[in-house]
Amino acid sequence: MTQQSLSFPAKFHQQLEKVWGNLSGWGSLAAVNHTSIGARFMVTGMFFFLVGGLLAMLIRTQLALPQQEILNAEVYNQVFTMHGTVMMFLFAIPVLEGLAMYVVPKMLGARDLVFPRISALGYYCYLFGGLIILSSLVMGIAPAGGWFMYTPLSDATFSPDKGPDFWLIGITFVEISAISAGVELVVSILRTRAPGMTLDKMPIFCWYILAMALMIVFGFPPLILASILLELERAAGWVFFAVDGGGDPLLWQHLFWLFGHPEVYILFLPAAGIVSTLIPVFAGRPLVGYRWVVFAIIVMGFISFGLWVHHMFTVGIPQLAQAFFSIASMLVAIPTAIQIFAWIATLWTGKVTFSLPMLWITGFLIIFVCGGLTGVMLALVPFNWQIHDTHFVVAHMHYVLVGGMFFPLIAGLYYWLPHYSGRMPSHLLGRWAFWLTFVGFNVTFLLMHLTGLLGMPRRIYTYEAGLGWDWLNLLSSVGGFIMSIGIAMLIIDIALHFRFGRPAQHNPWGADTLEWATGTPPGSYNFASIPSVSSRHPLWDNPDLPATIAAGEHHLATIEHGRRETLGTDPINGKIRDITHVPSNSWIPLQTAIVIAMVCLCLLNKIYWGALAAAIVAFIMLFRWSWHNGAHPVAAPVRDDDPVNPPLHSRTFDGPGLWGMVVTLLSNGTLFLSLLFGWFYLWTVAPNWQIPDHKAFSISGLLISGVSLTLAAWVYLNTLKRLRQKNDQHLERRLWISTALGLFHIALLIFIFAAAELQPRAMAHDAILCVMMLYLLLHSGMVVIATLLQALRVRKGYVSRTLPYEPMVLQPLWLYCLSIYWISLAVFLLLPQMRGLS
Amino acid sequence: MTHPNHPLQLIWGLTLWAIWFVAVYGGLSVACAATDWQRESPLSLNNALLLLATVATVLLLLWLMKRCWRARHPAAGHRRFIAVVSAALYAASALATIAVAVPIMLLPPCV
Numbered sequence: 001m002t003q004q005s006l007s008f009p010a011k012f013h014q015q016l017e018k019v020w021g022n023l024s025g026w027g028s029l030a031a032v033n034h035t036s037i038g039a040r041f042m043v044t045g046m047f048f049f050l051v052g053g054l055l056a057m058l059i060r061t062q063l064a065l066p067q068q069e070i071l072n073a074e075v076y077n078q079v080f081t082m083h084g085t086v087m088m089f090l091f092a093i094p095v096l097e098g099l100a101m102y103v104v105p106k107m108l109g110a111r112d113l114v115f116p117r118i119s120a121l122g123y124y125c126y127l128f129g130g131l132i133i134l135s136s137l138v139m140g141i142a143p144a145g146g147w148f149m150y151t152p153l154s155d156a157t158f159s160p161d162k163g164p165d166f167w168l169i170g171i172t173f174v175e176i177s178a179i180s181a182g183v184e185l186v187v188s189i190l191r192t193r194a195p196g197m198t199l200d201k202m203p204i205f206c207w208y209i210l211a212m213a214l215m216i217v218f219g220f221p222p223l224i225l226a227s228i229l230l231e232l233e234r235a236a237g238w239v240f241f242a243v244d245g246g247g248d249p250l251l252w253q254h255l256f257w258l259f260g261h262p263e264v265y266i267l268f269l270p271a272a273g274i275v276s277t278l279i280p281v282f283a284g285r286p287l288v289g290y291r292w293v294v295f296a297i298i299v300m301g302f303i304s305f306g307l308w309v310h311h312m313f314t315v316g317i318p319q320l321a322q323a324f325f326s327i328a329s330m331l332v333a334i335p336t337a338i339q340i341f342a343w344i345a346t347l348w349t350g351k352v353t354f355s356l357p358m359l360w361i362t363g364f365l366i367i368f369v370c371g372g373l374t375g376v377m378l379a380l381v382p383f384n385w386q387i388h389d390t391h392f393v394v395a396h397m398h399y400v401l402v403g404g405m406f407f408p409l410i411a412g413l414y415y416w417l418p419h420y421s422g423r424m425p426s427h428l429l430g431r432w433a434f435w436l437t438f439v440g441f442n443v444t445f446l447l448m449h450l451t452g453l454l455g456m457p458r459r460i461y462t463y464e465a466g467l468g469w470d471w472l473n474l475l476s477s478v479g480g481f482i483m484s485i486g487i488a489m490l491i492i493d494i495a496l497h498f499r500f501g502r503p504a505q506h507n508p509w510g511a512d513t514l515e516w517a518t519g520t521p522p523g524s525y526n527f528a529s530i531p532s533v534s535s536r537h538p539l540w541d542n543p544d545l546p547a548t549i550a551a552g553e554h555h556l557a558t559i560e561h562g563r564r565e566t567l568g569t570d571p572i573n574g575k576i577r578d579i580t581h582v583p584s585n586s587w588i589p590l591q592t593a594i595v596i597a598m599v600c601l602c603l604l605n606k607i608y609w610g611a612l613a614a615a616i617v618a619f620i621m622l623f624r625w626s627w628h629n630g631a632h633p634v635a636a637p638v639r640d641d642d643p644v645n646p647p648l649h650s651r652t653f654d655g656p657g658l659w660g661m662v663v664t665l666l667s668n669g670t671l672f673l674s675l676l677f678g679w680f681y682l683w684t685v686a687p688n689w690q691i692p693d694h695k696a697f698s699i700s701g702l703l704i705s706g707v708s709l710t711l712a713a714w715v716y717l718n719t720l721k722r723l724r725q726k727n728d729q730h731l732e733r734r735l736w737i738s739t740a741l742g743l744f745h746i747a748l749l750i751f752i753f754a755a756a757e758l759q760p761r762a763m764a765h766d767a768i769l770c771v772m773m774l775y776l777l778l779h780s781g782m783v784v785i786a787t788l789l790q791a792l793r794v795r796k797g798y799v800s801r802t803l804p805y806e807p808m809v810l811q812p813l814w815l816y817c818l819s820i821y822w823i824s825l826a827v828f829l830l831l832p833q834m835r836g837l838s
Numbered sequence: 839m840t841h842p843n844h845p846l847q848l849i850w851g852l853t854l855w856a857i858w859f860v861a862v863y864g865g866l867s868v869a870c871a872a873t874d875w876q877r878e879s880p881l882s883l884n885n886a887l888l889l890l891a892t893v894a895t896v897l898l899l900l901w902l903m904k905r906c907w908r909a910r911h912p913a914a915g916h917r918r919f920i921a922v923v924s925a926a927l928y929a930a931s932a933l934a935t936i937a938v939a940v941p942i943m944l945l946p947p948c949v
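Chain order of the listed sequences is H and R. Reminder that position 150 of the first sequence reads as 150 in the working numbering, one-by-one numbering, no gaps. Reminder that position 23 of the second sequence reads as 861 in the working numbering, one-by-one numbering, no gaps.
So that you can see chain R by itself, here it is in the shape it has in the complex (with noise of 0.2 Å):
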C-alpha cells in the first residue's frame, strides 16, 4: 500500500487534498463560529494556520510525488504505469491545494 508502485498511489495524493479541503474548510467554519475575527484582515491568527496547514500538505504531496517518479525506470508494464500516473495525480493534488489556497492570502476569513 506505501510502495510507490502499489495502485494505491492512484488515490493517496487527492485523498490527502480532500482530506486538507475538508479540514480548511471546516476548521475556517468552526473558527469564524467560536471566535469574532468577523473584522480582522487576511493577516489574521486565523489565516496563518490555514496557510501553515496548506504548506505543510504541499511539501507532503510534492514529496510523494518525487518518490513515485523515481520510482517509475526499474518498473515496467503496469508498475511503471502505476507510477508515472501516481506522480502526476501527485502533483495535480499541489497544484490544486495551491490554487485553492491563494485566496487565503487575500481576503478575510469570516467575511
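Here chain H stands alone, though its shape is the one from the complex (with noise of 0.2 Å):
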C-alpha cells in the first residue's frame, strides 16, 4: 500500500472506481466486468423462466379437461417442445453461470475473472441464440420435436419447416457462451485465488463450480457435434443419421444423451454448492464432512457421464450394457446421499436459524430426496420400461430439476440479494411466495406420478375423458397455478426490495466466506486490496477482515499503474506466482457476437454467401481481439516500472492464457473424440455402413501433408526452447518459417479435398470424411494465422525473450493440430484400408 493511498483512502477507493468501473450510458454495454456480466446472465435467464413458465401453463390450460382444443396438436408439440428448451438452455444453465460468475472471483478473493472479456462475449451469444430461438415462438415456425429433438423426426422428411434450424442453430450459438463460462471459471477457480487459499480451504462452492464447470467443458462438445452433424444432413443432405445411406438415428441419441445426462448434474452441482454454502452459515457452524463432500463432488462428476444409456432404454441394446448403465445409475446415488447426510448431520449439529432462504433449502431437501428415490426406480430397467414415456418421467424430472436447482437457486438468490442491492427482501411475501410454490410444485407433480402410473404418455395434447386421468390432470393444473402465483410473489418481492427493502447490515446472514468482505453493493473492484487466507472461514476468524481490506492493508493497494490487476497464485499452494492484468471495457465482444448472430440468422435463411462472409469477418474480429493483449500498448505496455516479483503475468511462461488454452482444448478435443465415437458406431452399428472400394484421399498426398505440418510443428516448438533458454535469435525467422511450412501444408490439404471423389449426400462414410476434413482445415488455419500474427508481434516488439507468454500459449494448440492429424490420418483412413477390418 503506499503512502499516497493511505492518507487518501477515498481517493484510493475513488481511483479504482475509475479504472474498474463500466462506461456510463451506452457505453455499459462494453462492460466486462464479471458483477455486471454475472448480473446480466441472471436477469436475461430470469426473463427467460417467465417466458417458458408461461409456456408450462399453456401446458396445463390444455391438460386442465379432457378434449379440449384450446391448443391444437401442432401449436402444442411447439409449446412443450419450446418449454424444455427455453427451461433448460435458456433459463437453468445461464442463471447458474451468471450467479457463479457473480460470486466465484468475490469468494476467491478476487477482482476479476481472468478473461472477462470472454464472459462479455458469452453473455451477448447466450443474449443473441436466446431471442433467435425465441423468434421462431413468435412467428410461429417453433421447434415441434421434444427438447432432445430426435431424428428422424426432426430430418428435413419428416420437419420439413425451419423450426429445429432454429434450435440447433441457436442452441449452438448458447452453447458457446457456455463453454466459455466453463472455460473462464475453470481457469479463474484454479489461478486467481487469494494467497494461502490451497484446495483444502477453497470454499465448498468454488469445488462444485469447479466440477460444474468441467462438466460443461466436456459434456457440451457431443450436443455441439450432433447439432452440426444434424443442421449439415438439414441443410446440405449430408448424411449421418438416415439409415438409408449408412447413417443411424440412434447416433443422434447417443451424442444427444451423452450431453444430457451430464446435463442434469450440471444443473444440480451448483445448487448443491449454493445448498453446501447456505446450511452453515444458517446451523453456524462449519460444514459437517467437508473432505467426504469434496469427495462427493468428483464422484459424482465422474459417474454422471457413464449413465446416459439409461435414457435408451427402451432402444433395442443388449442386455449386458443395460445392466451395465443401470448399475451406474443406481452408483450416482451414492455421493448424492453423501451430501445430503452432510447436510443433515450439518442441520443436526448446529443451532438453525429458519431465515428465508433457509426455508426454500428446506423446501429442496424434500422435494430433492423424492425425486431422487424415482431417479432410482427409473434406474431399474423393467421398471424403466412400464413407465418409459409417460407422466411419471415427466414428475420425476420436475422433482429432480426444480427440486434440485430451482428451489436451491431461489434460496441462493435470497442469500446473495443483500449483498448485490444492499436491501433486505420482505419476510412477509418471501414466506407467501415459498409456500404457494412449495405447495403448487407438489399439487402439479406428485400427482402427476400416478397419472404417468395409470399409463398417460408424455407430449400428448389431449385425451378421452373416463381414463382415470381426468381429476388427476385437473388437481395437477390447479397445482400450477398456485405455484405460478407463488412465483409472481417472489417477483413481486424482489423487485420491491430494490426500492422498499429495509438496508441491510453489513454481512447480515454472518456468513465465513470472503464475498462478503467485498461492499455490499460491491464496488467494481470488489477489494480494495487482496487479503491472505489460512482458514476456511476468513470472515468467522476475522470479523474485522472487510474493514483492513478497505483501508487498502493487504496484496495489490495500488492503482497508479491505470491497469486492471489481480493476483495470480499457484493451483496447488496458493503462493503468489504473478499479478495478473484483465482486460478492461470492450466493443469487440458485442461487435464479434453480433456477426456471429449474422452468421446464424444467413445460415437460417439459407443465405450462404453471406453466412461464409460473416464467419470470415466474424474471424477476423476474433484475431483483432487477440492482437490487442499480452504486451500491446491498449493492454499492458512495457513500462520501465513493470512488477518483477512477482511480475506481470505477461512476463511470465504460464499465465492464465496458457491454462485457457488447454481447457479450451479439453473441450475441443472432446467434440473430436465425439466424431470418432459416431465414425465406430456408425461403421459398427449402422444397417447400411458402406465403406467405398476407391480410395477417398491421396495416401501420400496427405503424408506430405502431415510430414508438413510435423515440421512446422517442430520448427516452432524448438522455437519456444530456444525462449525458454532466454534465446530470441532469429525469433522472427523461426515463426516466419513455421508459418511458410503450415501454409503448405494446407495448400496441399485443400488441393486433396478438392480432387477426392466424395459424396456426402449419399454415403455417411464420405459425410464423415468431409467434415474430418473441415475439421482439420479448420485447426490448421488457425494455428497458422496465430503463429502468422506472433511473427508480426515479434517485429512490433510485443513479443521477446522479455515478453514470452505469447508463443507458450499457442505451443498447446501446435501439438493439438499435429495429434488430430495423425489421428484422423490413423483412424478415418487407414484403419479401414486394414485387411479384414472393411
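Incomplete in silico selection of chain R near chain H, CB under 8 Å:
1) A856
2) F859
3) Y863
4) V868
5) A930
6) A937
7) V938
Stretch-level coverage of chain H by chain R, calculated; a stretch enters the list once three of its residues show a Cβ under 8 Å from a Cβ in chain R:
8) 192-206
9) 302-313
10) 317-326
11) 564-574
Hints are computed from structural coordinates only; laboratory data are not their basis. No residue lacks a Cβ here, since even glycine has one placed at the ideal position from N, Cα and C.
Can you join these two chains into the complex? Each is in its own frame, and there are hints to help.
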C-alpha cells in the first residue's frame, strides 16, 4: 500500500473505481466486469424463465380437462418443445453460470474473472442465441420435436419447416456461451485464489463450480457436434442419421444424451453448492464432512457421464449393456446421499436460524430426496420399460430439476440479494411466495406420478375422458397455477425490495466467506486490497477483515499504473506467482457476437454466401481481439516500472491464457472424440454402412502434408525451447518458417480435398470424412494465422525473450493440431483399409 | 503429476474407471457386431476378456489407493487433504468398477 493511498483512502477508492468501473450510458454495453456480466446473465435468465413458465401454464391449461382444443396438436408440440428448450438451455444453465460468475471471484478473493471479455462475449452469444430461438415461437414456426430433437422426426423429411434449424443453430450459439463460461470459471478458480487459499481451504461452493465448469467443458461438445451434423444433414443433405445412406438415428440419441445426462448434474452441482454454502451459515457451524463432500462432488462429476444410456433403455440394446448403465445409474445415488447426510448432520449439530433462504433450502431437501428416489426406480430396467414416456418421467424430472435446481437457486438469490442491492427482502412476501410455490409444485407433480402410472403418455396434446386421468390432470393444473402465483409473489418481493427493502447491515447472515468482505453493494473492483487466507472461514476468524481490506492493508493496494490487476496464485499451494492484468471495457465482444449472430441468421435463411462472409469477418474480429493482448499498448505496455516480483503475467511463461488454451482444447478434444465415436458407431452398428471401394484421398499426398505440418510444429516447438533459454535470436524468422510450412500443409490439404471424389449426400462414410477434413483445415488454419501474427508481434516488440508469454499459449494448439491430424489419418483412412476390417 | 500428494490424484482414479467403462462398453458392442455370439451363455470368451480387463483395472486402482493412503502421514495441510481424498476416490473407483462389472458374470454378452 502506498503512502498516498493510506493518507487518502477515499481518493484511492475513487481511482480504483475509475479504472474498474463500467462506461456510462450506452457505454455499459462494453462492460466486461464480472459483477455486471453475472447480473446480466441472471436477469436475462429470469426473463427466459418467465417465458418458459408461461408456456408451462399453456400446457397445464390445455391438459386440465379432457378433449380440449385450446391448443391444437401442432401448437401444443411447439409449446412443450419450447418449454423444455427454454427452461434447460436459456434459463437453468445461464442463470447458474451467471450466479457463479457473480459470486466466485468474490469468494476467491479476486477482483475479476481472468478472461472478462470472454464473459461478455458469452453473454451476448447467449442473449442473441436465445432471442433467435424465441423468435421462432413468435413467428409460429418453433421446433416441435421435443427438447431432445430426436431424429428422424427432426430431419428434413419429417420436419421440412425451419423449426429444427432454429433449435440447432440457436442452441449451438448458446452453447458457445456456456463453454466460454466453463473455461473462464475453471481457470479463474485454479489460478486466482487469494494467497494461502489452498485446495483444502477453498470455499465448498468453488469446488462445486469447478466440477460444474469442467462438466460443461466435457459435456457440451457432443451436442455441439450432433447439432452441426444434423444441420448439415438438413441443409446440405449430408448423411449422418438417415439409415438409407449408412447413417443411424440412434447416433443422435447417443450424442444427445452424452450431453443430456451430465447436464442434469451440471444443473444440480451448483445448486448443491448453494446448499452446502448456506446450511453452515444458517446452522452457525462449519459444514460437517468437508472432505467427504469434496469426494462426493468429484465422484458425481465422473459417474454422471456413465449414465447416458439409461435414457435409451427401450431402444434395443444388449442386456449386458443395459445392466452396466442401470448399475451406474444407481451408483450415482451414493455421492448424492453423502451430501444429504452431510447437510443433515450440519443442521443436526448446529443452531438453525430459519430465515428466508433456509426455508427454500428445506423445500429443496424434501423435494429433491423424493426426486432422487424415483430416479433410483427409473434406473431399474424393467420398471423403466413400464413407465417409459409416461407422465411418471415428467414428474420425476421436475422433482429433480425444480427441487434440485430451482429451490436452491431461489435460496441463493435471497441469500446474495442483500449483497447485490444492499437491501433486505420482505419476510412476509417471501414466506408467502415459498409456501405457494412449494404447495403448488407438489400438487402439480406429485399427482403426475399417479397419472403416469395409470398410463398417460407424455407429449399428447389431449386425451379421452374416463381413462382415470381426468381429476388428476385437473388438480395438477390447479397446482400449476398456485405455483405461478407463488412465483409472481417472489418476483414482486424482489422487485419491491430494491426500493422498499430495509437497508442491510454488513454481512447480514453472519457468513464466513470472502464475498461478504466486499462492500454491499460491491465496488466494481471487489477488494481494495487482497487478503491472505489461512482457513476455510476467513470472516468467522477475522470479522475485521472487511475494514482492513477497504483500508488497503493487504496485497495489491496500488492503482497508479491504471491497469486492472488481480493476483495470480499457484493452483496447489496458493502462493503468489504473478500479477494477472485483466482486460478492461471493450466493444469487441459485442461486435463479435453481432457478427456471429449474422452468421446464424444467414444460415437460417439459407444465404450461404452471407454466412461465409460473416464467418470470415468474425474470425478477423477474433484475431483483432487477440492482437490487443499481452504487451500491446492498449493492454499492458512495456514500462520501466513493470513489477518484477511478482511479475506481470505477460512477462512469464505460465499465465492464465495458457491454462485457458489447455482447458479449451480439452473441450475441443471431446468434440473430436465424439466424431470418432460417431465413426466407430456407424461402422459397427448402422445397418447400411458402406466403405467405398475407391480410396477417398491420396494417402501419399496426406503423408506429405502431414510431414509439412510436423516440421512446422517442430520448428515452432524448437523456437519455444530457445525462448525458454532466453534466446530470441532469429525469433521472427523462425516463426515465419513455421508459418510457411504450415501454409504449404494447408494448401496441399485443400488440393487433396478438392481432388477427392466424395459423395457426402449418398454415404455416411464420405460425409464423416468431409467433416473430418473441414475440422483439420479449420484448426490448421487457426494455428498458422496465429503463428503469423506472432511473427508480426515480434517485429512490433510485443514478443521477445522478456515477453515470452504469447508463443507459449500457442504451444498446446500446435500439439493438438499435430495430434488430430495423425489420429485422423490413422483412424479414418488407414484403419478401414486394413485387411479384414472393411 | 504422479506424486501421491499431487492434486491430479483426485481425478486419476475415476478417469481410469471411465476408460475401463468406455473400453468394456465399446468393446462389448464391437465384439457383438463382429462375432456371432448372440446365443452364448455368460461363460464365453467375450465375457472372459471383459472380466480380465476388470480385474486388471481393479488391481491397479487398489494399488494406487494404497499408495495415496500411505502418503497421508508425513504430509500436512493441503498435501494430506489430497492424499486422503484421493485414496478414498481410488477406493470408490475400484468399487464402481466391481459393481458395474458384476453383470458380466451373470448375463450373456450380446442378447
